[in-house]
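Asker: Guided by the hints, dock chains P and Z with the ligands onto chain D, whose structure is given.
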Amino acid sequence: MSPPVLEIDDLTMRFGGLTAIDRLSFKVERGAIHGLIGPNGAGKTTTFNVVSGFYKPTGGEVRLRGETISGLRMYEVARRGVVRTFQHSTLFAELTVLENVLIGTHMSFPPNIFAAMAGVDKANRRAARARAEEALDFFGLAGLADELAGDLPHGHQRALGMAVALAARPDVVLLDEPFTGMNPEETRRMMELMVKLRDTGVTILLVEHDMHAIMGLCDRITCMSFGRLLAEGNPQEIRHHPDVIEAYLGGARHVA
Amino acid sequence: MVELLAQTGLNALYAASYTALVAVGLVLIFGVMGVINFAHGELFMLGAYAIVAVYADWNLPYLVAVAVGMAFVGTVGLGMERAFFRPLRDNPLGGLVASIGFLMILQALVSMGFGVRMEHVPPVTQEVIVITERVRLPVFRLAVILAAVVLLAGLWAFLKKTRFGWALRASAQDPEAAALQGISINQTARIAMFIGAALAGVAGALTAPLISVNPHMGHSVIVTAFIVIIVGGIGSLEGAVIVAVAYAFVHTFVTTFFDGVIADIVGLLLLLIVLIVKPTGLFGSTDRA
Amino acid sequence: MAKFAALFGFGAILLALPHALSFSQQEILVFLTINVLLVASYRLLTLTGEWSLGHVVIMGVGAYASALLSKRLGIYVPVAMLLGAVTAAMIALALSFPLFRMKGFYFLIGSFAAGEIIRLLWKRFRDPFGGPKGLKKIDPMPDFDIGIYAFDFFEPVSYYYFALAVVGVSLWVMWRIERSPVGLTFHAVHWQDRLAEASGVNVRAYRTLAFVLASGFAGLSGALLAHYIGTINPNSFDVEQMVFVLTWTIVGGTATFYGPILGCVVLTVLNEIVLREAGFEQMRPLIYGLILILSVLFMPKGLESLVRGAFSGRNARKNKAGETKAME
Ligand SMILES: Nc1ncnc2c1ncn2[C@@H]1O[C@H](COP(=O)(O)OP(=O)(O)O)[C@@H](O)[C@H]1O
Ligand SMILES: [Mg+2]
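Line by line, the protein sequences give chains D, P and Z. Counting in the working numbering, the first sequence runs from 1 upward without gaps. Counting in the working numbering, the second sequence runs from 1 upward without gaps. Counting in the working numbering, the third sequence runs from 1 upward without gaps.
The set of hints was computed from the structure by calculation and includes no laboratory data. Among these hints, one or two may not hold up.
Claimed, not checked - The calculated DSS-like cross-link candidates involving lysine-lysine, where the alpha carbons are at most 25 Å apart (straight line), are:
hint: 1; chain 1: P; residue 1: Lys278; chain 2: D; residue 2: Lys56
hint: 2; chain 1: D; residue 1: Lys27; chain 2: D; residue 2: Lys196
hint: 3; chain 1: Z; residue 1: Lys103; chain 2: P; residue 2: Lys278
hint: 4; chain 1: D; residue 1: Lys56; chain 2: Z; residue 2: Lys103
hint: 5; chain 1: D; residue 1: Lys122; chain 2: Z; residue 2: Lys3
Stated by the list, open to error - Among the chain P residues that face chain Z by a calculated CB cut under 10 Å, a handful are:
hint: 6; residue: Ala83
hint: 7; residue: Val97
hint: 8; residue: Ile105
hint: 9; residue: Ile129
hint: 10; residue: Val130
hint: 11; residue: Phe140
hint: 12; residue: Ala143
hint: 13; residue: Leu146
hint: 14; residue: Ile230
hint: 15; residue: Thr255
hint: 16; residue: Asp259
hint: 17; residue: Val261
hint: 18; residue: Asp264
hint: 19; residue: Val277
Just so we're clear, the structure is a prediction, and the values are computed from it rather than from any experiment. The beta carbon of each residue, even a glycine, is placed where N, CA and C say it ideally should be.
Next up, chain D with everything else stripped away, as it sits in the complex (with noise of 0.2 Å):
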């Protein structure tokens, strides 16, 4: 077995009185799809937010191929390979689908301004545009390239989101509900393509709603309630443990 690339280990996050992570562990396998899941408020979104720098930890760390890089600043994660989506589709709306993706690719390809005005940036923004239009092929967006993002049906942000993320070639990609607002033909076209991006060998962990597709998709998964830790398993622990049929109050039907 491969050593982990993401470690979460005993986080805890506090606001004022309320802990929404409390002694939080859990470990993340290389090119693996791992799911977290929980019920609303359980603190999912809040792990992403605490791995990916936008939070400093109250407590514990969190460690990237042994590395810790919790209390990095969020540009500083992505740089080390962790790039998030958003649950509420964030985008820049403003800036076409291509743009967008462009700003994927700033890592990769990072601007230089006196390169820029001496006009002798052609190469690197060629590759940038080869890389983005990649990106968007991937995603099925590449007739959309001019449209303004904010224009986009909801599923189409969903997979543009993604696309961003995927532009910066992560190691690690952390996606925040990714299939809401897709009908089940786009989340079942997702799905398809998240397999695809785990065999190129990217690590996805994901925290997604739609149990079907999480079953469906995950070799691993961690279940959390209240901030802690419930479970962890693969998916078919997970649907038989009592305790995430407790969790999820509609009982067995729900989970499966």
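Answerer: Just chains P and Z with the ligands, lined up with the frame of chain D:
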């Protein structure tokens, strides 16, 4: 030395009194409407010009002039509320920029009406209380201090004891919730704007006989008021009063022992430091921005 | 090709323009040219979403620095101008450390306070800044000859051509920056700094970059001004000037590169033709104040970005970029 300190302390107390009036008005407006009134210094200037017109030019009694100035500037405040703060309610920075435009208009109108030269207001009373040989308190300054205390106490009573005051405080805490309670946002905004502007106007009217009145006098007033409300915690009335007093002392002492420009620089540095370290100010807890 | 011809024709008009004007109009043309650079640099600053109230003071830093360098150290004026621009950029870099810990109107108040401090320093230190009276007898541009044209800087027309060249090159540089990946990143930082940062953009560094660049160009415009009028003082760079810049910018709208420039040109022409001819010249602050309020009220597109930059979330709904040509 003790005498110099005592005299400087008295001067500071006087500076604190009108600074507090200006700053409290600014905070009240910010608290209820969520907007920074950049033209607040010009409202102070208008109050001073009310004295020039009513007291110096028309020879009406000083107290009448003060009352006229207060009512007039309060009314100007109502006009501002209606003309741009209300339409820009969802756009606080737009409201701020509009008030910068209004500041220019007031300066220009006063310059056209009175000319740009300094106006000298004849003293109301020349009497001086001699405490010791070198510690003197002009009676008029004492009157300004007392007037400020009375006005601030009145405001406090209004806010704590009346229905309108309660409504104002409620909408400062949470405009939506207050609106749900049936308190009209427009009404609380009007009250806050009238009181806030009137306080600036009365401060200008009270100090007019002691300072040189000119169309650009609002500038240093607004700079001081910004320092006070930012350091005091924007939105905190108590903070504004406390810091107004503290800052007046710092400023007066630095002015006495170094010079006025250094004192201004010290104040502005203080403002920047507070903005860096604790943007909500020393006494502020809620961050409306 | 047609684009090239249009550009050529536009250039020819700009070169011929002063010869159709009276002496005093030529002087105004020089100021207008300088102000175009100032307002374009202000837009560069707003690209990342922050609006400063200290920009005119930064312009003054360039003016004071260039004037002092040429006056005290005898540095060749054009070189002093460049150094003035660099000084303004450096001061901006230093200011960015405290200021970029603030956002929205805290940033506005902070930039205002920082600008006031600089103005007070000019007032306080007679040596070298000349105190409240400022600097007088600033060295004019030395005359020179480029073969086809002999610059005689006693003439406004010569200074106009010189300023036109400097401003033209500056605008071209700013345009290239905005059209480059750097410019795209500025926009990204403005509209969604969280997503930009999650994509590996050092948001703070880009905000600083825009601020420093914009300040450099503002400083250059200040240097151009100083060596033209020959005398500057702290009140040359006060709130009133800032209101002019704000008005031009907001009237023009910040969505496009040329919006604020258009705002500046149109309002200046209106001011000079309508107000001066009608004898209302001293009503300029009044008119500008009114226009500022009216454009905030009724042309919010220009201000839209300002609101969203600072209050993203509250007004999270999008408008389309490029719709914002407020002067149509
Ligand atoms: N910035 C914040 N300030 C205060 N409370 C927060 C903040 N972010 C999240 N929370 C709280 O933390 C808890 C977990 O929220 P979240 O991580 O969004 O849950 P999930 O994504 O699992 O639905 C919730 O109770 C939420 O209200
Ligand atoms: Mg969530």
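Asker: None of the hints should be skipped; say for each whether it holds.
Answerer: Tested hints:
Pair hint lysine 278 of chain P plus lysine 56 of chain D holds up; C-alpha atoms about 18 Å apart against a cutoff of 25 Å. With a CA separation close to 22 Å, the supplied pair lysine 27 of chain D and lysine 196 of chain D stays within the 25 Å bound. The suggested pairing of lysine 103 of chain Z with lysine 278 of chain P holds, with an alpha-carbon distance near 13 Å, which does not exceed 25 Å. This hinted pair checks out: lysine 56 of chain D and lysine 103 of chain Z have alpha carbons roughly 20 Å apart, not beyond 25 Å.
Of the supplied pair hints, the one linking lysine 122 of chain D and lysine 3 of chain Z holds, its CA atoms being roughly 22 Å apart against a limit of 25 Å. Annotation: alanine 83 of chain P was flagged as interfacial toward chain Z, and the flag holds, the nearest CB pair being 7 Å apart, inside 10 Å. A hinted interface residue such as valine 97 of chain P counts as satisfied when its beta carbon comes closer than 10 Å to some beta carbon of chain Z; here the least separation is about 5 Å, so the hint holds. Evaluation of the isoleucine 105 of chain P hint against chain Z yields a held restraint, the C-beta minimum of about 4 Å falling below 10 Å.
Against a cut-off of 10 Å between C-beta atoms, the interface hint on isoleucine 129 of chain P is violated, since the closest Cβ of chain Z lies about 34 Å away. At about 35 Å, the closest approach between the beta carbon of valine 130 of chain P and any beta carbon in chain Z exceeds 10 Å, and the interface hint on this residue is violated. Of the supplied interface hints, the one on phenylalanine 140 of chain P is violated, with its beta-carbon coming no nearer than about 29 Å to a beta-carbon of chain Z, more than 10 Å. The interface hint given for alanine 143 of chain P is broken, as the beta carbon of that residue sits about 32 Å from the closest beta carbon of chain Z, more than 10 Å.
Because the smallest distance between the Cβ of leucine 146 of chain P and any Cβ of chain Z comes to about 32 Å, over 10 Å, the interface hint for this residue is violated. With a least beta-carbon distance of about 6 Å to chain Z, the hint placing isoleucine 230 of chain P at the interface is held under the 10 Å criterion. Hint status for threonine 255 of chain P: violated, given a least beta-carbon distance of 13 Å to chain Z, over 10 Å. Checking aspartate 259 of chain P against chain Z by beta carbon gives a least distance of about 8 Å; that is within 10 Å, so the hint holds.
At about 4 Å, the closest approach between the beta carbon of valine 261 of chain P and any beta carbon in chain Z falls short of 10 Å, and the interface hint on this residue holds. Proximity of aspartate 264 of chain P to chain Z holds as hinted, the smallest CB-CB distance being about 5 Å (cut-off 10 Å). Annotation: interface hint on valine 277 of chain P holds; nearest CB of chain Z at approximately 9 Å, less than 10 Å.
Of the numbered hints given earlier, the model fails hints 9, 10, 11, 12, 13 and 15; all others are met.
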